[in-house]
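With chain F held as given, fit chains B and W onto it using these hints.
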Amino acid sequence: MCGAHLREGGAEMTEGLALHWRLLQPRYNLIGNVCRTCGQHYFPPRNICPACRRRGVIEKFKFSGEGEVYTFTVVRAAPTGFEYQKPYVVAIIKLKEGALCTAQIVDCKPEEVEIGKPVKMVFRKIMADDDAGIIRYGYKFKLKI
Amino acid sequence: MTDVAIIGIGITQFGEFWERSYRDLITEAGVKAIKDAGIDGIEVQALYVGSMTPGLFIQQEHIGSLVADNAGLTGIPATRVESACASGGIALREAYIAIKSGIADIVVAGGVEKMTDASIEHATDALAGAADQEWEAFHGVTFPALYAMMARRHMLEYGTTEEQMGMVAVKNHHNGAFNPNAQFRKPVTLEEVMNSSPVADPLKLLDCSPITDGAAAVILASRERARELCENPVWITGSGQASDTLALHDRKSMCRTEAAVKASKVAYKMANVSPADLDFAEVHDCFTIAEIMAIESLGFCKLGEGGKYTEKGETSLKGSMPVNTSGGLKAKGHPVGATGIAQAVEAVLQLRGKAEKRQIDGAKVGLTHNVGGSGASCVVHIFEKEVRK
Amino acid sequence: MTGIVGYGAYVPKYRITTVEISKVWGGEGERIARGLNVHEKSVPGLDEDVVTISVEAARLAIRHAKIDPKDIEAIYVGSESHPYAVKPTATIVAEAIEATPDLTAADYQFACKAGTAAIQTCMGLTKSKMIKYGLAIGADTSQGRPGDALEYTASAGGAAFIIGEHRTVADITDTYSFSTDTPDFWRREGQDFPRHGSRFTGEPAYFKHVIAASKKIMERNSLKPEDFKYAVFHQPNGKFPLQAAHMLGFKKEQVEAGLLTPVIGNTYSGATPVGLSAVLDVAEPGDLILATSYGSGAGSDAFIIEAKDLISENRNPDPVREQIKHKEYVDYSIYAKYKGKIKGVYLQKG
Numbered sequence: 001m002c003g004a005h006l007r008e009g010g011a012e013m014t015e016g017l018a019l020h021w022r023l024l025q026p027r028y029n030l031i032g033n034v035c036r037t038c039g040q041h042y043f044p045p046r047n048i049c050p051a052c053r054r055r056g057v058i059e060k061f062k063f064s065g066e067g068e069v070y071t072f073t074v075v076r077a078a079p080t081g082f083e084y085q086k087p088y089v090v091a092i093i094k095l096k097e098g099a100l101c102t103a104q105i106v107d108c109k110p111e112e113v114e115i116g117k118p119v120k121m122v123f124r125k126i127m128a129d130d131d132a133g134i135i136r137y138g139y140k141f142k143l144k145i
Numbered sequence: 001m002t003d004v005a006i007i008g009i010g011i012t013q014f015g016e017f018w019e020r021s022y023r024d025l026i027t028e029a030g031v032k033a034i035k036d037a038g039i040d041g042i043e044v045q046a047l048y049v050g051s052m053t054p055g056l057f058i059q060q061e062h063i064g065s066l067v068a069d070n071a072g073l074t075g076i077p078a079t080r081v082e083s084a085c086a087s088g089g090i091a092l093r094e095a096y097i098a099i100k101s102g103i104a105d106i107v108v109a110g111g112v113e114k115m116t117d118a119s120i121e122h123a124t125d126a127l128a129g130a131a132d133q134e135w136e137a138f139h140g141v142t143f144p145a146l147y148a149m150m151a152r153r154h155m156l157e158y159g160t161t162e163e164q165m166g167m168v169a170v171k172n173h174h175n176g177a178f179n180p181n182a183q184f185r186k187p188v189t190l191e192e193v194m195n196s197s198p199v200a201d202p203l204k205l206l207d208c209s210p211i212t213d214g215a216a217a218v219i220l221a222s223r224e225r226a227r228e229l230c231e232n233p234v235w236i237t238g239s240g241q242a243s244d245t246l247a248l249h250d251r252k253s254m255c256r257t258e259a260a261v262k263a264s265k266v267a268y269k270m271a272n273v274s275p276a277d278l279d280f281a282e283v284h285d286c287f288t289i290a291e292i293m294a295i296e297s298l299g300f301c302k303l304g305e306g307g308k309y310t311e312k313g314e315t316s317l318k319g320s321m322p323v324n325t326s327g328g329l330k331a332k333g334h335p336v337g338a339t340g341i342a343q344a345v346e347a348v349l350q351l352r353g354k355a356e357k358r359q360i361d362g363a364k365v366g367l368t369h370n371v372g373g374s375g376a377s378c379v380v381h382i383f384e385k386e387v388r389k
Numbered sequence: 001m002t003g004i005v006g007y008g009a010y011v012p013k014y015r016i017t018t019v020e021i022s023k024v025w026g027g028e029g030e031r032i033a034r035g036l037n038v039h040e041k042s043v044p045g046l047d048e049d050v051v052t053i054s055v056e057a058a059r060l061a062i063r064h065a066k067i068d069p070k071d072i073e074a075i076y077v078g079s080e081s082h083p084y085a086v087k088p089t090a091t092i093v094a095e096a097i098e099a100t101p102d103l104t105a106a107d108y109q110f111a112c113k114a115g116t117a118a119i120q121t122c123m124g125l126t127k128s129k130m131i132k133y134g135l136a137i138g139a140d141t142s143q144g145r146p147g148d149a150l151e152y153t154a155s156a157g158g159a160a161f162i163i164g165e166h167r168t169v170a171d172i173t174d175t176y177s178f179s180t181d182t183p184d185f186w187r188r189e190g191q192d193f194p195r196h197g198s199r200f201t202g203e204p205a206y207f208k209h210v211i212a213a214s215k216k217i218m219e220r221n222s223l224k225p226e227d228f229k230y231a232v233f234h235q236p237n238g239k240f241p242l243q244a245a246h247m248l249g250f251k252k253e254q255v256e257a258g259l260l261t262p263v264i265g266n267t268y269s270g271a272t273p274v275g276l277s278a279v280l281d282v283a284e285p286g287d288l289i290l291a292t293s294y295g296s297g298a299g300s301d302a303f304i305i306e307a308k309d310l311i312s313e314n315r316n317p318d319p320v321r322e323q324i325k326h327k328e329y330v331d332y333s334i335y336a337k338y339k340g341k342i343k344g345v346y347l348q349k350g
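Residue numbers (my numbering), protein chains in the order written: chain F, 1 to 145; chain B, 1 to 389; chain W, 1 to 350.
For the record, the hints were derived by calculation from the structure and aren't laboratory data. Note that the structure is predicted; figures quoted are calculated from it, not measured. For each residue, glycine too, the CB sits at the ideal point set by N, CA and C.
A short, non-exhaustive set of chain W residues, derived as facing chain F with CB atoms under 7 Å:
(1) K13
(2) L46
(3) D47
(4) T52
(5) V55
(6) P83
(7) E95
(8) A96
(9) E98
(10) V345
(11) L347
(12) Q348
(13) K349
(14) G350
Just chain F, with the same shape it has in the complex (with noise of 0.2 Å):
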């Protein structure tokens, strides 16, 4: 639980510094991994190919961001920090290259997402840790008009 902590009386439940800084990559970039022995895209980035596991050469890849809502949702009972957001839609994302990632949708009402629909990354503010910490930002994804 490196860096995580709970504080009473308020929200917070923080990710370290160290842990979001090695994740500044995939989160910023959509850099996640191919499988260069059987061929699968993998993002969210993974250390080991589970397909092949230790005959696996597995290297960096960048998605182009492009992709399709797979499911969705609504999100009217929001976790700390998000309260202020609701109701935002939450989706799995199915990238172009075949991975399937977790992400919101943005920039648009929440009757407008449908599964199927095509989408495209972009670069948002994800949360703030509070007054004075960091700012974490990330993926999320839009409609294509």
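Just chains B and W now, with coordinates in the frame of chain F:
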């Protein structure tokens, strides 16, 4: 290898308890179980306790020793088992394995969670630890949101309706009204469920299991000691456990709990039973859609037919396959770590003929199904009145 | 010759109308809108800020320029609403466009001309062959004091320019700046909202600097207003740039292409950059453009820009005026929520 039986059970009231602490709850459940077994505490040789996240709820770890200490059992090996919401079920399995292997003859398996000492926001955040922190919770995903996304796929692929999901809640609250230990003991109507406040579309408040405090414990014994000590032991004839990817987005299918399919196959094989042989089942209905997916994954009905099966009433007390006679997580409550053990308690009550108004007549074989997170872990047990050789 | 290799603008999709704002403060919305020549302004979403706007603009600029981001060796982001007082927007942008680690980076502050100052720095670094490409960004999510005149115009948006000597779509043939200590508009450290000198912000501030810089750059290049196809001036409202144009001898038609404020408000450090982007979107090879920014405090950066052949072969994939067609209106309550004007309402956990 010996056979394993449950010779004693204990459970607390489930609900929101300002006056009762984590230690109060688990000690009460444990003492009840030991009394029910008719043994002295000194005979317990090992302790397994399932508890999802006391670290986050009450800033307390080292739970094995804490529980043994509080129960007056200090000295024995005491192990805390964690697998999110499957913590209790896996604690039961660990205890089962300890007896089965011959390492011990009398073991207590307990489960406990104290969720109301922190605020509701804290509780929700802590529960998110069962999901993928870096790639799901980070993005504002909640548990209802994960199950809602599964529900949406299930609705798209199989035509399951919100009403069918609502019927799960109606049935479980109906059953919970007959369970004196349940958190909610009043029936609800389908209209009330459909009109309850939206949580994560399409799931509404009454589609979701509550935040609960509670504890349960069972005493397991080897064949020899069970026959010595107990008039009506209940035998654990099958046990299966499986894991799946942590994050929902990495699953092969979002409508099927692969881990439940795998775990139940192993349990059925071990017990030499099939779903048709079951008289009842306690399944993990953390959300109404979870029960629909469970009855499909466990083979009670075909894949995709869980909604219709429920709608027809097959899973009600009078149906062909009664599910969640206790009221399920929905009405009984879901003190996370305790749930897996509480399911075993209900199975034992049914097989002893002591389930009162919710008794399934002539119950001989039952199943419990306990899931962690959005399906990343699952443990299934088969319980029988008699050991078949 | 150094110039613009690629550019990209980004304007958030939400809008609030002048009429809607005036409902809260009891003014006559239509009259105010006409007086300012600003009918609606852009509003950033709760999850948008100068960093996210800069990243979107920069990513578009790189798509347009078709360069390897690793060849960007300097990034400067100018804004008066950087999310951090200490921790540069520029390095977050650098990471988000995969330009790290071989580069220099810093944030600029000079009211509305911080972005054009960044362009000048990149010009110097590329011209002197110290770097191959520089990325200059001007972006803001400026705050207007509730009820103040500036609340009708303070909006959100930005644009990024990749400056270099290779394959430019437009060359920057000259730049000249006129800078003085003029206390027309300022914000003290820690204050939520700026203060300004009302009518003092006109003649002794905006007009003095914009006119002086524009005149001097034209003089020293022996150019007259008629020589230019387009002129982009800093646009705090929809009137000042038209007046400045008139005072300098430019025609209204020359200023229209680069005048966005009437429909998106004043994006502060983004204003001249976004206006210039809109002009480059329609400029043809050989067109001469005058761009003069203004930053309170005070100073103006003037640029003479010449469109090259490549500008018609390599059009921007996401032109500004196309982007701003996609918009969604919000009322004052949602606007206040998004802009952090409601105490305690932020996208944060604690």
